[in-house]
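There are 2 protein chains.
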Amino acid sequence: MEIKISRTDNSRVHELKRDEIVFGQEYADHMLVCDYKDGQWGAPEIVPFGNISICPSLSALHYGQSIFEGVKAYRQPNGGSAIFRPEKNWERFNKSAQRLGMPEISSEIFLDGMRELINIDDAWIPNEADTSLYIRPFMFATDEFLGVRSSFTYKFMIINSPAGPYYNKPVSIYVQSSFVRAVQGGIGFTKAAGNYGASMYPTAEVRKMGYDQILWTDAFEHKYVQEIGTMNVFFIIDGKAVTPDLNAGTILAGVTRDSVIALLKENGVPVEERPISIDELVEAHKAGKLEEAFGTGTAASMSFIQDLTYNEEKLTLKPTTEYTIANKIKTQLDDIRYGRIEDKQNWLLKVKQSVLI
Amino acid sequence: MEIKISRTDNSRVHELKRDEIVFGQEYADHMLVCDYKDGQWGAPEIVPFGNISICPSLSALHYGQSIFEGVKAYRQPNGGSAIFRPEKNWERFNKSAQRLGMPEISSEIFLDGMRELINIDDAWIPNEADTSLYIRPFMFATDEFLGVRSSFTYKFMIINSPAGPYYNKPVSIYVQSSFVRAVQGGIGFTKAAGNYGASMYPTAEVRKMGYDQILWTDAFEHKYVQEIGTMNVFFIIDGKAVTPDLNAGTILAGVTRDSVIALLKENGVPVEERPISIDELVEAHKAGKLEEAFGTGTAASMSFIQDLTYNEEKLTLKPTTEYTIANKIKTQLDDIRYGRIEDKQNWLLKVKQSVLI
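First to last, the sequence lines map onto chains A and B.
For any residue, its number in this note's numbering is found by taking its place in the first sequence, counting from 1, and adding 71.
For any residue, its number in this note's numbering is found by taking its place in the second sequence, counting from 1, and adding 71.
Bound-form chain A, shown alone:
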């Protein structure tokens, strides 16, 4: 596949303040753009990062056909770089596209395009501890039309943003039992923009109450836990790891979730993917068997949960520094991402082998 490349004459990379990178506010020099029309994708182009011009009737703004992914590239010890499991994001992107009535996209455009873009913007991958380059592929409907129907045209883009060290403060969770994120038959399993818009108000409300994030529950009984804000959720109960299964199609099939399950198993921790009720968590906590709790996601890799509040009941866990399993898995996951241990699972897509290439 031919990618047309127009390099910028004015790299901004020297302006990046590497000791105070704010997530999601600065963008690398280039972006990938690919347009869909007449039933097919055109040739992808890599161009200087910059604004795009849209008609006010842009279909995506009115009818919500808009999806995205979140991926990360990591600086490797030899000076090279690698992207963590982007093929999983490509697969999920196409599942989102299908459910939203949008066209699927080839691995050539999504994966080869991403790799070429990261290669060109290599200088934007930070070197400092716990930093990375956040990669944002997204697609939106571009018809200039006010009727309710699937758009005939779309734009796929990839933009990159340097990500600073993630401050992994233990989180305080509020278990939501009135607002609902997703239901069977809906779009909960997709990374559709609309899912996030619907969560803003409920999340702001629990923040006002002093909690960090919402743990969503099922739409029917508000009893079975689903996912946390932008993360999947895991509990260590009596030495076993349990996490909600994906069968109902109401939660995201997280790439970090999948990776953590694999590492847990490799470390001999039994993993159960199944419905988990609040009652079970309350019981386990009473019996002293709710040992650890954490969220998984691209942003924080693993984020440890300090307490869970459900109605009047607050379940406080032991200090997260004592989370034996979670800390061990998090270290392994980060060590793989930063190339500090062998990538036995073949999770890294190498972009540059070393600085010399």
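No lab work stands behind these hints: they were computed from the structure.
Quantities reported herein were computed from a predicted structural model and do not represent experimental measurements.
One or more of the hints may lead you astray.
Which copy? The list can't say, so a pair holds if one copy fits it or any two copies do.
In the PhoX-like style, the derived pairs of lysine-lysine whose C-alpha atoms are separated by at most 25 Å in a straight line are [to be verified]: (1) K279 / K108; (2) K166 / K279; (3) K240 / K360; (4) K279 / K294; (5) K399 / K240; (6) K389 / K357; (7) K415 / K311; (8) K294 / K311; (9) K108 / K166.
Following the hints, complete the assembly by docking chain B onto the known chain A.
Showing chain B alone in chain A's frame:
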């Protein structure tokens, strides 16, 4: 309130082919724009219709804080013009905004701004039978930021599009019992872009099967009817009008729905707003008491339903030309909109009193 007005030097109104207007594809000469930042709305401006420049990280495209309304202006017999119940759309717009974590907007910006815009674009309100000027107010998040949180900045706009005569062919409806539009605790009552994106694929699927639209059912039992595509739904059963109530927050509080309820009552037809199960419809049809069925919405005002298919069962109604009640109400509603009968309900917001003003 001061509205800054920049008129175009190049009106395109003479290019409008009045005998072949396609809905939602052509836009009037001007648009209203108003920006929200630092916790408040700035001054609205009316400017020539045209493209806007956005950053690829525009929050609305990634996190779905995007809402809209649909309103219509009608040419009046004396050459003047009027907008149909826009204050109801303003109220609903603010309910959508609140649920999506977006700022509410004043009636001065929304209503006075709309009136001024329609005044300036008066030449774009078509004259021909059954035509109108479709008015699209919308608001979207404009932060250039990739983190999941409510945007701090927003853009409110109003654009207008001439609408040709609506071809009111009776519709064939498929009752959806696997995909779900909305659930209690979600955003079904809002005109959020995300609600429409989620409906594209299921709607395309039933179109392939030969149906025009989906009648959504409740998320829990797939038993209680909700709304149709972009319309609310009414049934005439044994001389009474029944329509789903708004209590669960899963369906839109349609302005046409509200208007039709008022007209039905005025015409002595009892109206029941309550849950309606598929079983009740099947029973009524068997007993010969499912007399009429129709959808209500801004686009079609009233759209008559010819048949409803639920699983293997197809309920075919009498020819829609024989819908005594629906035809009578539709005529009355249109007569009010086009100023052909007295506006007793005070539903019309007059923009121009006559051509002479």
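Cross-check of the supplied hints:
Taking the closest pair of Cα atoms, K279 and K108 come within 25 Å of each other only across two copies (21 Å); inside a single copy the shortest separation is 45 Å, beyond that limit. Proximity of K166 and K279 under a CA criterion of 25 Å is satisfied inter-copy only: 20 Å between copies versus 35 Å inside one chain copy. When the C-alpha separation of K240 and K360 is checked against a cutoff of 25 Å, the pair qualifies only within one copy, where the shortest distance is 23 Å, while the shortest distance between copies is 63 Å. For the identical chains of this complex, K279 and K294 are intra-copy neighbours only, at 23 Å inside a copy versus 38 Å across copies, given an alpha-carbon limit of 25 Å.
For the homomeric pair K399 and K240, the shortest alpha-carbon distance inside one copy (17 Å) is at most 25 Å, but the shortest distance between copies (65 Å) is not. Only within a single protomer do K389 and K357 lie at most 25 Å apart by alpha-carbon distance; the minimum there is 13 Å, versus 63 Å between protomers. In this assembly of identical chains, the alpha carbons of K415 and K311 lie at most 25 Å apart only when taken from the same copy (24 Å versus 69 Å across copies). For the homomeric pair K294 and K311, the shortest alpha-carbon distance inside one copy (21 Å) is at most 25 Å, but the shortest distance between copies (39 Å) is not.
In this assembly of identical chains, K108 and K166 lie within 25 Å of each other by CA distance solely inside one copy; the values are 20 Å within and 36 Å between copies.
Of the numbered hints given earlier, the model fails none.
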